[in-house]
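**Q** Residue numbers (the working numbering), protein chains in the order written: chain S, 393 to 509; chain B, 393 to 509; chain H, 393 to 509; chain F, 393 to 509.
Where hints are given, some of them may not hold.
Said to hold, decoys possible - The following label-pair restraints were derived from C-beta to C-beta distances:
no.	chain 1	residue 1	chain 2	residue 2	range
1	H	A456	F	D447	48 to 56 Å
2	S	D403	H	E485	34 to 42 Å
3	S	S443	H	A491	39 to 47 Å
4	B	R416	F	E485	39 to 47 Å
5	H	T445	S	S443	37 to 45 Å
6	H	E485	B	E476	29 to 37 Å
7	H	S443	B	R410	45 to 53 Å
8	B	R404	H	A481	42 to 50 Å
9	B	S443	S	R406	51 to 59 Å
10	F	P495	H	A481	45 to 53 Å
To be verified - With a cut-off of at most 25 Å between alpha-carbon atoms, the simulated BS3-like pairs for lysine-lysine come out as follows:
no.	chain 1	residue 1	chain 2	residue 2
11	B	K474	S	K486
12	B	K474	B	K486
13	S	K486	S	K474
14	F	K493	H	K486
15	S	K474	B	K474
16	F	K474	H	K474
17	F	K474	F	K486
18	H	K474	H	K493
Just so you know, the hints here were simulated from the structure itself, not pulled from any lab data. Note that the structure is a prediction, hence the values are computed from the model and not measured. For every residue, glycine included, the Cβ atom is placed at its ideal position computed from N, Cα and C.
Residue-level listing of the chains:
Number of protein chains: 4
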Amino acid sequence: MNTSDLHDLRDRTRQFARERDWARFHTPKNLAMALSVEVAEVAEHFQWLQSGTGDELDAAGRAAVRHELADVLLYLVQLADKLEVDLHAAAVEKMGLNALKYPPNAARDLAGQPSSD
Amino acid sequence: MNTSDLHDLRDRTRQFARERDWARFHTPKNLAMALSVEVAEVAEHFQWLQSGTGDELDAAGRAAVRHELADVLLYLVQLADKLEVDLHAAAVEKMGLNALKYPPNAARDLAGQPSSD
Amino acid sequence: MNTSDLHDLRDRTRQFARERDWARFHTPKNLAMALSVEVAEVAEHFQWLQSGTGDELDAAGRAAVRHELADVLLYLVQLADKLEVDLHAAAVEKMGLNALKYPPNAARDLAGQPSSD
Amino acid sequence: MNTSDLHDLRDRTRQFARERDWARFHTPKNLAMALSVEVAEVAEHFQWLQSGTGDELDAAGRAAVRHELADVLLYLVQLADKLEVDLHAAAVEKMGLNALKYPPNAARDLAGQPSSD
Chain S
393 MNTSDLHDLR
403 DRTRQFARER
413 DWARFHTPKN
423 LAMALSVEVA
433 EVAEHFQWLQ
443 SGTGDELDAA
453 GRAAVRHELA
463 DVLLYLVQLA
473 DKLEVDLHAA
483 AVEKMGLNAL
493 KYPPNAARDL
503 AGQPSSD
Chain B
393 MNTSDLHDLR
403 DRTRQFARER
413 DWARFHTPKN
423 LAMALSVEVA
433 EVAEHFQWLQ
443 SGTGDELDAA
453 GRAAVRHELA
463 DVLLYLVQLA
473 DKLEVDLHAA
483 AVEKMGLNAL
493 KYPPNAARDL
503 AGQPSSD
Chain H
393 MNTSDLHDLR
403 DRTRQFARER
413 DWARFHTPKN
423 LAMALSVEVA
433 EVAEHFQWLQ
443 SGTGDELDAA
453 GRAAVRHELA
463 DVLLYLVQLA
473 DKLEVDLHAA
483 AVEKMGLNAL
493 KYPPNAARDL
503 AGQPSSD
Chain F
393 MNTSDLHDLR
403 DRTRQFARER
413 DWARFHTPKN
423 LAMALSVEVA
433 EVAEHFQWLQ
443 SGTGDELDAA
453 GRAAVRHELA
463 DVLLYLVQLA
473 DKLEVDLHAA
483 AVEKMGLNAL
493 KYPPNAARDL
503 AGQPSSD
């Protein structure tokens with residue numbers, strides 16, 4: 393597509409919520425909670441896997457995870473929209489900060505993993 | 393931009409992980425776990441709010457949330473990449489299913505809210 | 393009961409897992425993931441509520457939440473057992489630290505809420 | 393101790409919140425959100441581990457996890473208290489249902505794992 397696909401989803405979700413009068417439910421707090429619930433539905437598919445790769449998922453599991461990843465993105469887009477955050481710009485900016493925090497030539501061990509701070 | 397900004401982030405995160413040799417850590421299972429941790433860091437800002445709107449956040453809180461939303465997107469993009477899921481296509485498809493499940497003219501109450509099923 | 397009910401649950405979950413040969417699945421990492429999934433199932437019941445009180449839940453919702461709280465406790469007990477953590481002792485100790493961090497006479501505002509640090 | 397240690401923690405958390413006038417913040421919805429945030433802080437310690445066992449944690453990590461498990465229990469106890477759920481009774485009841493769902497002699501594979509349904 394020749395436009396931002398994140399803006400496209402923002403516009404689609406705005407219309408979807410407007411047509412259903414859901415704005416009153418969509419406070420940032422509620423959207424953050426819904427986002428965490430959807431992420432857990434993704435995680436549920438992986439919790440008992442040994443290798444932790446998608447190869448351990450059957451076709452039904454892979455199809456379900458695909459839709460749950462979609463739900464995560466849709467709530468993330470709506471939450472960012474309510475908070476007036478441009479997700480792509482914020483992500484590029486955050487990657488720049490991460491690059492300073494974790495230089496490519498640093499020791500490549502667990503300590504080099506992004507923390508969640 | 394005149395390309396997909398989700399594909400742009402996918403390419404940026406691939407390069408970032410490659411430069412740090414992080415592929416061995418980035419199993420779908422680990423990325424799903426990291427995604428849930430980042431989402432909780434977003435939720436933490438809203439957990440005690442009364443109105444649940446961003447207006448209750450101070451400037452520092454809003455800046456922090458912006459970067460945590462970015463972290464959520466970055467892990468989501470990496471997880472989708474490992475699972476070979478096109479996030480925009482999956483989101484549009486899921487919205488189509490949601491539209492069938494929640495017709496615009498249906499009763500507009502809590503029952504009309506998307507479940508997490 | 394005249395014994396620790398947390399130790400009682402620890403013993404019951406040990407036997408339950410042993411009878412099903414589930415020890416191989418129950419690494420602390422997997423149990424932590426399962427715990428987060430169960431907590432999300434609790435949160436799901438509250439995500440769209442206005443008042444956020446249990447009064448907004450119907451009888452079926454209250455019964456479901458009761459069992460999901462049970463699931464959270466059961467995974468928490470199993471995770472603590474694997475990590476050799478005595479939950480009651482750890483909780484009493486943590487409350488002591490919280491009491492120092494949040495003195496009763498401190499300003500009683502949002503800033504006085506426990507952080508998640 | 394010769395009383396229920398879960399009831400002991402319930403009584404301690406009631407007094408702690410009362411002394412700080414935190415009842416107004418402690419709606420079930422907010423407590424469910426706080427619970428999910430604390431669980432993520434536990435999960436954060438395990439997200440990049442290879443074996444997923446506590447052995448990969450250093451002493452500081454183990455001490456931190458111990459306190460985060462305590463935080464999870466403290467919010468769980470407070471949430472159950474608000475919803476008038478007796479956690480031990482609910483857990484024993486849920487284990488009875490799980491025993492019917494997963495008989496000891498059933499096939500012992502991933503399918504035998506408790507789902508999060």
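**Q** Look at each hint and say if it fits the structure.
**A** Hint check results:
1. Roughly 37 Å separates the CB atoms of H:A456 and F:D447, a value that falls outside the hinted 48 to 56 Å.
2. At about 51 Å, the beta-carbon gap between S:D403 and H:E485 misses the expected band of 34 to 42 Å.
3. Between S:S443 and H:A491 the C-beta distance comes to about 44 Å, which sits within the given range of 39 to 47 Å.
4. Taken as a hint, the range 39 to 47 Å holds for the pair B:R416 and F:E485, whose Cβ atoms sit roughly 43 Å apart.
5. As the Cβ distance of H:T445 to S:S443 is approximately 43 Å, the hint placing it in 37 to 45 Å holds.
6. Between H:E485 and B:E476 the beta carbon distance is about 46 Å. The supplied range of 29 to 37 Å is therefore violated.
7. Taken as a hint, the range 45 to 53 Å holds for the pair H:S443 and B:R410, whose Cβ atoms sit roughly 49 Å apart.
8. Between B:R404 and H:A481, the C-beta spacing of about 46 Å keeps the proposed range 42 to 50 Å intact.
9. Distance hint check: the CB atoms of B:S443 and S:R406 are about 21 Å apart, inconsistent with the given range 51 to 59 Å.
10. At about 35 Å, the beta-carbon gap between F:P495 and H:A481 misses the expected band of 45 to 53 Å.
11. Restraint check for B:K474 and S:K486: the C-alpha separation of about 21 Å stays at or below 25 Å, so the hint holds.
12. A C-alpha spacing of about 20 Å is found between B:K474 and B:K486, which places the hinted pair at or below 25 Å, so the restraint holds.
13. Restraint check for S:K486 and S:K474: the C-alpha separation of about 20 Å stays at or below 25 Å, so the hint holds.
14. Pair hint F:K493 plus H:K486 does not hold up; C-alpha atoms about 36 Å apart against a cutoff of 25 Å.
15. Pair hint S:K474 plus B:K474 does not hold up; C-alpha atoms about 29 Å apart against a cutoff of 25 Å.
16. For the given pair, F:K474 sits about 29 Å from H:K474 by alpha-carbon distance, which is inconsistent with the 25 Å threshold.
17. The straight-line distance between the Cα atoms of F:K474 and F:K486 is roughly 20 Å, inside the 25 Å bound, and the hint therefore holds.
18. A distance of roughly 29 Å separates the Cα atoms of H:K474 and H:K493; the hinted pair therefore is violated under the 25 Å criterion.
Going through the hint list in order, the structure does not satisfy hints 1, 2, 6, 9, 10, 14, 15, 16, 18.
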